[in-house]
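> Spelled out from the first residue to the last, the chains are:
Number of protein chains: 2
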Amino acid sequence: MKCKICKDKAEIYLRSYNLALCREDFIHFFERKVKRSIEQWKMFTRKEKILVAVSGGKDSLGLLHLLGKLGYDVTGYYINLGIDGYSDVSQNKVKEFSRSSGIMILIEDVRVSWGTGIGDLAKKVRRPPCSLCGMVKRYLMNRAAVEFDAMATGHNQDDETATLLGNLLRWDKGYLARQSPVLKEKRGLKKRVKPLSFITERESAAYALMEGIDYIMEECPLAKGATSLFYKGILNQLEEKMPGTKSRFLKGFLEYQRNHPLIEEEEELVACKRCGSLTTSEVCNFCRLEDKIKS
Amino acid sequence: MKCKICKDKAEIYLRSYNLALCREDFIHFFERKVKRSIEQWKMFTRKEKILVAVSGGKDSLGLLHLLGKLGYDVTGYYINLGIDGYSDVSQNKVKEFSRSSGIMILIEDVRVSWGTGIGDLAKKVRRPPCSLCGMVKRYLMNRAAVEFDAMATGHNQDDETATLLGNLLRWDKGYLARQSPVLKEKRGLKKRVKPLSFITERESAAYALMEGIDYIMEECPLAKGATSLFYKGILNQLEEKMPGTKSRFLKGFLEYQRNHPLIEEEEELVACKRCGSLTTSEVCNFCRLEDKIKS
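Top line first, the protein sequences correspond to chains S and C.
In case it helps, our numbering puts the first sequence at residues 2 to 296.
In case it helps, our numbering puts the second sequence at residues 2 to 296.
Incorrect hints may have been included.
Here are the computed distance ranges between Cβ atoms for each label pair [claimed, not checked]:
id: 1; chain 1: C; residue 1: Y176; chain 2: S; residue 2: P244; range: 18 to 26 Å
id: 2; chain 1: S; residue 1: E220; chain 2: C; residue 2: Q238; range: 19 to 27 Å
id: 3; chain 1: C; residue 1: A224; chain 2: S; residue 2: G226; range: 32 to 40 Å
id: 4; chain 1: C; residue 1: R171; chain 2: S; residue 2: S132; range: 26 to 34 Å
id: 5; chain 1: C; residue 1: K43; chain 2: S; residue 2: N260; range: 24 to 32 Å
id: 6; chain 1: C; residue 1: P244; chain 2: S; residue 2: N260; range: 31 to 39 Å
id: 7; chain 1: C; residue 1: R171; chain 2: S; residue 2: D9; range: 32 to 40 Å
id: 8; chain 1: S; residue 1: R275; chain 2: C; residue 2: K242; range: 31 to 39 Å
Not close to chain C: a few residues of chain S, all C-beta gaps over 12 Å, as computed [claimed, not checked]:
id: 9; residue: M2
id: 10; residue: N93
id: 11; residue: E220
id: 12; residue: V284
id: 13; residue: N286
id: 14; residue: L290
27 Å max Cα-Cα, derived BS3-like pairs, lysine-lysine [unchecked claim]:
id: 15; chain 1: C; residue 1: K233; chain 2: S; residue 2: K174
id: 16; chain 1: C; residue 1: K242; chain 2: S; residue 2: K225
id: 17; chain 1: C; residue 1: K48; chain 2: C; residue 2: K192
id: 18; chain 1: S; residue 1: K96; chain 2: S; residue 2: K50
id: 19; chain 1: S; residue 1: K124; chain 2: S; residue 2: K233
id: 20; chain 1: C; residue 1: K293; chain 2: C; residue 2: K138
id: 21; chain 1: C; residue 1: K242; chain 2: S; residue 2: K125
id: 22; chain 1: S; residue 1: K192; chain 2: S; residue 2: K36
id: 23; chain 1: S; residue 1: K3; chain 2: S; residue 2: K34
id: 24; chain 1: C; residue 1: K233; chain 2: S; residue 2: K233
id: 25; chain 1: S; residue 1: K242; chain 2: C; residue 2: K174
id: 26; chain 1: C; residue 1: K225; chain 2: S; residue 2: K233
id: 27; chain 1: C; residue 1: K70; chain 2: C; residue 2: K5
id: 28; chain 1: S; residue 1: K174; chain 2: S; residue 2: K252
id: 29; chain 1: C; residue 1: K225; chain 2: S; residue 2: K242
id: 30; chain 1: S; residue 1: K10; chain 2: S; residue 2: K34
id: 31; chain 1: C; residue 1: K252; chain 2: S; residue 2: K233
id: 32; chain 1: C; residue 1: K225; chain 2: C; residue 2: K125
id: 33; chain 1: C; residue 1: K124; chain 2: S; residue 2: K242
id: 34; chain 1: S; residue 1: K174; chain 2: C; residue 2: K252
id: 35; chain 1: S; residue 1: K124; chain 2: C; residue 2: K242
id: 36; chain 1: S; residue 1: K242; chain 2: C; residue 2: K233
id: 37; chain 1: C; residue 1: K174; chain 2: C; residue 2: K187
FYI, nobody ran anything at the bench for these hints, they're computed from the structure.
Backbone N, C-alpha and C define an ideal beta-carbon position, used for all residues, glycine too.
In isolation and in its complexed conformation, chain S is listed as follows (with noise of 0.2 Å):
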């Protein structure tokens, strides 16, 4: 197979573009792609500062790699979650590609204030791991992004699309406003951007290694079983036998969304007494949980 563009030997071929590309040109036709998603979608500018959350993974590593090439202003931002056999292999990924690439990265490790990590944690406080895990990163990102203009994240079509699926099953209001590859910075949240929000996994993967970017593969062992992975399968199954189903669902869905705003019921929000962040309740979640392993 040649490549469509220079007829060299071609290295991927996408399906849903019916297009087969050589190395080069792969790397140009992906990061034009994402460079369109920041200027359609508003998301920022090179002016302003970005901290990009990284995992270790391919998303968040090619992001922040795409970021820096592309001439934005960015720094990582890395937390280790203590989790066993897996978090010291993808912290030591994001050292080296730090060092590697120049870019700073910003790195939080729980254990330091807690003595233990999150797959414990999740016993202790009998939680869902992933739930856990969630509302804890969300937690230091929003706090860590607070020197920053935007905090950017590595999410790409397919968990958007998982995602989306989701909050349809249950037809979650609150998640279903608040799902756009823009969230705009609101009551002392900064704006939240999700640049790889048309990628495919797959393109995503390719980019990294052929921008010869070190990853961890592995998925987090504390997700086997996670509805998300199923969702992902459940959609796999429809995109195999529909090809361009998660394209058309997701695009689908934002420009619904843009034709039929959905107004989030804002609910009150007061300073959390510990912390200061805004919360629905006098002690915000992450200090509840804080209080929980003093305890």
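Dock chain C against the given chain S, drawing on the hints supplied.
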């Protein structure tokens, strides 16, 4: 296992209700559930004349039986679509049901006017059989319903959730706006109701069996590989992993619809030059199909 109501031997266990019931109490439970749907959704009253579309399957014959039993003014309506090895079997079931129940069923046969069945016709006009069949049935049903106050179909919860999933994957605004257990009379089309919208396929089959209704068990042979069956398989996987998903999905959507009504953009309709039914073009789809048959 014992019946929760009367302590006799249970004949069915309903997982989503954690409820075991004997034959008599299940029938009572089922009929009350349908009656409540009819009342809550203001579908129709005992003063209205209802045309019930029947295929010979469990849902539609069960519905016709139940409505007759509850004292509603019902007439059945069957279309023989000329599907080899299928339509004649289903027509016999329908005729036998009419004879034993004393409920009148109007019978139409497409082969009388077209000289051939829907399968051949689909090949001739190069359309997928299910889509052509749907169009033909809607046209004929609308025409037959002229003498009635409402038209009822046996769509059950599994049908409705599969349709909803498809409509959401495509974000089909027109279909989403019209998906409801009851559609009011509008622009020459009679009121359309689906009293089994909240009844599962399994409950419907159990009801037909327990009430001794002899129905056709086979799926239509032309529906092999149909997308609607694929969606049902997907939803069964979701239900298996997370019991209650289908019901939550459908009820969540209907509640969402009520709070955020979708304004269906009204297309301008004109009377078809041939048959006078309302259509978006000069000649309606049905009359154009008949033109092709004659050509």
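> Next, verify each hint and record whether it holds.
Hints and how they fare:
Take C:Y176 and S:P244: their Cβ atoms lie about 21 Å apart, and the range 18 to 26 Å holds. For S:E220 and C:Q238, the hinted distance range of 19 to 27 Å is satisfied, since their beta carbons lie about 20 Å from each other. Separation of C:A224 from S:G226 is about 34 Å and conforms to the stated range, judged on CB atoms against 32 to 40 Å. Checked against the hint of 26 to 34 Å, the C-beta distance between C:R171 and S:S132 comes to roughly 31 Å, which is consistent with it.
Look at C:K43 against S:N260: about 29 Å separates their beta carbons, and that is inside 24 to 32 Å. The given range of 31 to 39 Å is respected by C:P244 and S:N260, whose C-beta atoms sit roughly 34 Å from each other. The beta-carbon spacing between C:R171 and S:D9, approximately 37 Å, falls within the hinted interval of 32 to 40 Å. Between S:R275 and C:K242, the C-beta spacing of about 38 Å keeps the proposed range 31 to 39 Å intact.
For S:M2, the non-interface assignment is confirmed: its Cβ lies about 30 Å from the closest Cβ of chain C, beyond the 12 Å cut-off. The non-interface label for S:N93 is consistent with chain C: the shortest C-beta to C-beta separation is roughly 35 Å, beyond 12 Å. The Cβ of S:E220 sits about 18 Å from the closest Cβ of chain C, beyond the 12 Å cut-off, so the non-interface label holds. Residue-level check passed: S:V284 sits 31 Å from the nearest beta carbon of chain C, beyond 12 Å.
Remark: the non-interface label on S:N286 is consistent with the geometry, its nearest Cβ contact in chain C lying 24 Å away (cut-off 12 Å). With a cut of 12 Å on Cβ distances, S:L290 stays outside the contact zone with chain C, its closest approach being about 26 Å. Taken as a hint, the C:K233 and S:K174 pair is honoured in the structure, with Cα atoms around 25 Å apart against an allowance of 27 Å. At most 27 Å may separate the alpha-carbon atoms for a hinted pair to count; C:K242 and S:K225 meet this at roughly 14 Å.
With a CA separation close to 14 Å, the supplied pair C:K48 and C:K192 stays within the 27 Å bound. Note on S:K96 and S:K50: the hinted pairing holds, with a Cα-Cα distance of about 21 Å set against a maximum of 27 Å. Proximity of S:K124 to S:K233 is assessed by CA-CA distance (about 26 Å); at most 27 Å being required, the pair is judged to hold. Simply put, C:K293 and C:K138 have alpha-carbon atoms about 18 Å apart, close enough for the 27 Å limit, and the pair holds.
For the given pair, C:K242 sits about 26 Å from S:K125 by alpha-carbon distance, which is consistent with the 27 Å threshold. For the suggested pair S:K192 and S:K36, the alpha carbons sit about 18 Å apart, so the restraint of at most 27 Å is met. Restraint check for S:K3 and S:K34: satisfied, since their Cα atoms lie roughly 21 Å apart, inside the 27 Å limit. Our distance criterion of 27 Å between C-alpha atoms is met by C:K233 and S:K233, whose separation comes to about 17 Å.
Between S:K242 and C:K174 the CA atoms are separated by roughly 23 Å; this keeps the pair inside 27 Å, and the hint holds. The straight-line distance between the Cα atoms of C:K225 and S:K233 is roughly 26 Å, inside the 27 Å bound, and the hint therefore holds. Of the pairs offered as hints, the one joining C:K70 and C:K5 holds, with about 25 Å between alpha carbons and a cut-off of 27 Å not exceeded. A threshold of 27 Å between alpha carbons decides the hint, and for S:K174 with S:K252 the separation of about 18 Å falls inside it, so the pair holds.
Distance restraint check for C:K225 and S:K242: the Cα-Cα separation of roughly 14 Å lies within the 27 Å cut-off, and the hinted pair is therefore satisfied. For the proposed pair S:K10 and S:K34, the alpha carbon gap of about 22 Å is at most 27 Å, so the pair holds. Annotation: proposed proximity of C:K252 to S:K233 holds, straight-line Cα distance about 24 Å (limit 27 Å). For a cut-off of 27 Å, the pair hint linking C:K225 to C:K125 stands: about 19 Å separates their Cα positions.
A hinted pair counts as satisfied when its Cα atoms are at most 27 Å apart, and C:K124 with S:K242 qualifies at roughly 23 Å. Straight-line distance between C-alpha atoms of S:K174 and C:K252 comes to about 13 Å, which keeps the hinted pair within the 27 Å bound. Between the alpha carbons of S:K124 and C:K242 the distance comes to roughly 23 Å, so the proposed pair stays at or under 27 Å and holds. Distance hint between S:K242 and C:K233 is fulfilled; the C-alpha atoms sit about 14 Å from each other, no more than 27 Å.
Taken as a hint, the C:K174 and C:K187 pair is honoured in the structure, with Cα atoms around 18 Å apart against an allowance of 27 Å.
Figure legend: structure checked against the earlier numbered hints; every hint is met.
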